[in-house]
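Trainee: On the provided structure of chain A, position chain B as indicated by the hints.
2 protein chains.
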Amino acid sequence: MSPTISINDSQHLQLKPLEIPSKLLLGPGPSNAHPTVLQAMNTSPLGHLDPDFLGLMDEIQSLLRYVWQTENPLTIAVSGTGSAAMEATIANAVEPGDVVLIGVAGYFGNRLVDMAGRYGADVRSITKPWGQVFSLEELRTAMETHRPNILALVHAETSTGARQPLEGVGELCREFGTLLLVDTVTSLGGVPIFLDEWGVDLAYSCSQKGLGCPPGASPFTMSPRAWEKLQRRSTKVANWYLDMTLLSKYWGSERVYHHTAPINLYYALREALRLVAEEGLANCWQRHQKNVEYFWDRLEDVGLSLHVEREYRLPTLTTVRIPEGVDGKAIARQLLTEHGIEVGGGLGELAGKVWRVGLMGFNSRKENVDRLIEALGEVLPK
Amino acid sequence: MSPTISINDSQHLQLKPLEIPSKLLLGPGPSNAHPTVLQAMNTSPLGHLDPDFLGLMDEIQSLLRYVWQTENPLTIAVSGTGSAAMEATIANAVEPGDVVLIGVAGYFGNRLVDMAGRYGADVRSITKPWGQVFSLEELRTAMETHRPNILALVHAETSTGARQPLEGVGELCREFGTLLLVDTVTSLGGVPIFLDEWGVDLAYSCSQKGLGCPPGASPFTMSPRAWEKLQRRSTKVANWYLDMTLLSKYWGSERVYHHTAPINLYYALREALRLVAEEGLANCWQRHQKNVEYFWDRLEDVGLSLHVEREYRLPTLTTVRIPEGVDGKAIARQLLTEHGIEVGGGLGELAGKVWRVGLMGFNSRKENVDRLIEALGEVLPK
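First to last, the sequence lines map onto chains A and B. According to numbering that gives the first Met the number 0, the first sequence is numbered sequentially starting from 0. According to numbering that gives the first Met the number 0, the second sequence is numbered sequentially starting from 0.
Hint data in this document are derived by calculation from the structure and do not stem from the laboratory. Do not rely on the hints blindly, as some may be mistaken.
It does not matter which identical chain is used: a pair holds within one copy or between any two.
Unchecked claim - 35 angstroms max Cα-Cα, derived DSBU-like pairs, lysine-lysine:
id: 1; residue 1: 289; residue 2: 228
id: 2; residue 1: 235; residue 2: 15
id: 3; residue 1: 248; residue 2: 235
id: 4; residue 1: 235; residue 2: 328
id: 5; residue 1: 381; residue 2: 289
id: 6; residue 1: 328; residue 2: 248
id: 7; residue 1: 248; residue 2: 127
id: 8; residue 1: 352; residue 2: 365
id: 9; residue 1: 235; residue 2: 381
id: 10; residue 1: 352; residue 2: 235
id: 11; residue 1: 328; residue 2: 352
The following block holds chain A by itself, in its conformation from the complex (with noise of 0.2 angstroms):
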């Protein structure tokens, strides 16, 4: 003990039980959780090596593959929320010097442009007006202008509300042989995704949008040929948190110890990923389609209008054009504290121009939408 020292009282306070308001979440994540994901979460924590929880890791890499429609041995949730995942992706794939190619038509492909760079990439990048996508004409020409060692492209934009079509993208870049990375933060669980028949190499997500379940442990998937790309590099990963080369051996048959997992996070993983292979992914994919789809009806009906082009709208994220006068900011934060109703505003070219409405996981039932479009007769100027 060191009895010469006082103890500062400064930061001392003293705080009365957590009391935290009920909210529904529809802006772009998080979403409410299944009131049985969250009560998993209400559960004794286990050793990260015990036996018991062990096998609870397995099922989730079974059930992440069924997920996303992939047989990649290396399919884990990594121990951070959705950006840790695609920082794993990038941190795993890219060496110093190689060329990155990625697709920027949003916050999200920015995002990536700033990881690649840090990791030592030479990155070159592709534009779209946010809220648009690209062509399968249009990323050949940029594949044969830039040969890149990686194309990285955003499956389900959550900054503009658009889907990236994928069918013949991995053909393409086996052709050039380059590695498809995928960000599916938007679309796992509540988008159709065939990673396998799309060829994607390295792919993340994260687990409070379409998987229905608290932030924090974040789906990340490999194929066979980024794993032989890993263990042809000459340096070690740059980061050790998300370093597979040491983390497949936590996850796989090793069982090597690395770090701590969020254990009940895990708990609550499983149980969101139980509940989506119960009502099972086509059922999943389709009932977030059909909920949008009554979403977008409605919001006609209010005399709003939507940014993206049916064709490329998501089902989970839409992006709703804040019409000419209105105080977006004002609207939102009326929703949030007369009807408990969260919306996101926009990011970047979207600022002040839409609002992004997510119908994602739980979220996705048409109480919700009728709930958001009731209060939004309320809250908008008549």
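Mentor: Positioned in the frame of chain A, the structure of chain B alone reads:
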């Protein structure tokens, strides 16, 4: 939709609802969390920019300063487990070419060596047999030899149960213009720490030990001196997720979105810190000390001996020598399967030589000591 591709059901597990057997976690962590802390996670998430959530972040910051006894403005919880917070200190403090001197007397000293190397440090290390600590004189000699930019020490070596005294080390570092980086993973909340009095510039910890919270949100702090070094960097921090130049804008008054926080873990951490504040830091430290001394006495009663010299023993984690001829792994397995008690095994130099027993946070209670001693009496060879 993609009607031409049919869904692959090979990984489509049909699982029963989660059932986790309750176990007493007396290993090196995670420890059991207080029921109030677990219950806090069973609360609907808020948005990461919701004013109610931002208020909770402020409470976490204040109470982390209290438990660490620091006034550092940049005191936050990192969105990952303890190793992520460790990496955050390295990533933000180290610039390529910096000389980083690391005291290695256990597994986590070695982890610092590995991480610092990945961030381009010129790593120098001094070593001691596992379970021993460095004297101030030994540190001075090493400082004179290496003249490092950063000195990194492990306050509480989780692999050995030894407490590295830090009195005087801060003054030594200031003499050499060196930043002092300290691992407090197994000390925060359970062992007296006075970061500011001791002149510590960077520290990290975890939630699942002395604070009695599940793992996943990890304390990080940085002194104004360390912050100045970060501001003078000529290159971006090589880790996006843990970049404090970005994170400080989310945790500070600007509230700029960086990544989605693990909301429900922050609820838990807030409650865990509230309970420590309610008990009072000095009382909390004394409770750990009192219960561990009772444990040490009881161990001697049953003829077991301890690895670390009494003066340097941690109150949070005890390394118990495995008696000659006893199969330590088999005993640990029996404790887990027959008595529902987890204890840890030895790592590295201590593999096969010790059990590691944690009495941390909510688990530092007399009845847990009694339960373990009783179980040991049953499983140890007579």
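Trainee: Determine for every hint whether it applies to the structure shown.
Mentor: Against the structure, the hints come out as follows:
For the homomeric pair residue 289 and residue 228, neither the shortest alpha-carbon distance inside one copy (40 angstroms) nor that between copies (53 angstroms) is at most 35 angstroms. When the C-alpha separation of residue 235 and residue 15 is checked against a cutoff of 35 angstroms, the pair qualifies neither within a copy, at 47 angstroms, nor between copies, at 40 angstroms. Proximity of residue 248 and residue 235 under a CA criterion of 35 angstroms is satisfied in both settings, with 15 angstroms inside one chain copy and 30 angstroms between copies. In the homo-oligomer, the alpha carbons of residue 235 and residue 328 lie at most 35 angstroms apart only across protomers (32 angstroms), although the nearest pairing inside one protomer, at 45 angstroms, exceeds that limit.
Taking the shortest Cα distances, residue 381 and residue 289 sit within 35 angstroms of each other inside one copy (29 angstroms), while across copies they are farther apart (68 angstroms). For a Cα distance limit of 35 angstroms, the shortest separation of residue 328 from residue 248 across copies, 20 angstroms, qualifies, whereas the shortest one inside one copy, 47 angstroms, does not. In this assembly of identical chains, the alpha carbons of residue 248 and residue 127 lie at most 35 angstroms apart only when taken from different copies (28 angstroms versus 40 angstroms within one copy). In this homomeric assembly, residue 352 and residue 365 come within 35 angstroms of each other (Cα to Cα) only inside a single copy, at 26 angstroms, whereas the closest approach across copies is 60 angstroms.
For a Cα distance limit of 35 angstroms, the shortest separation of residue 235 from residue 381 qualifies neither inside one copy, at 60 angstroms, nor across copies, at 49 angstroms. Taking CA atoms no more than 35 angstroms apart as the test, residue 352 paired with residue 235 passes between copies only; the shortest distance there is 31 angstroms, against 44 angstroms inside one copy. Proximity of residue 328 to residue 352 under the C-alpha cut-off of 35 angstroms is restricted to the intra-copy arrangement: shortest distance 10 angstroms within a copy versus 62 angstroms between copies.
Of the numbered hints given earlier, the model fails hints 1, 2 and 9; all others are met.
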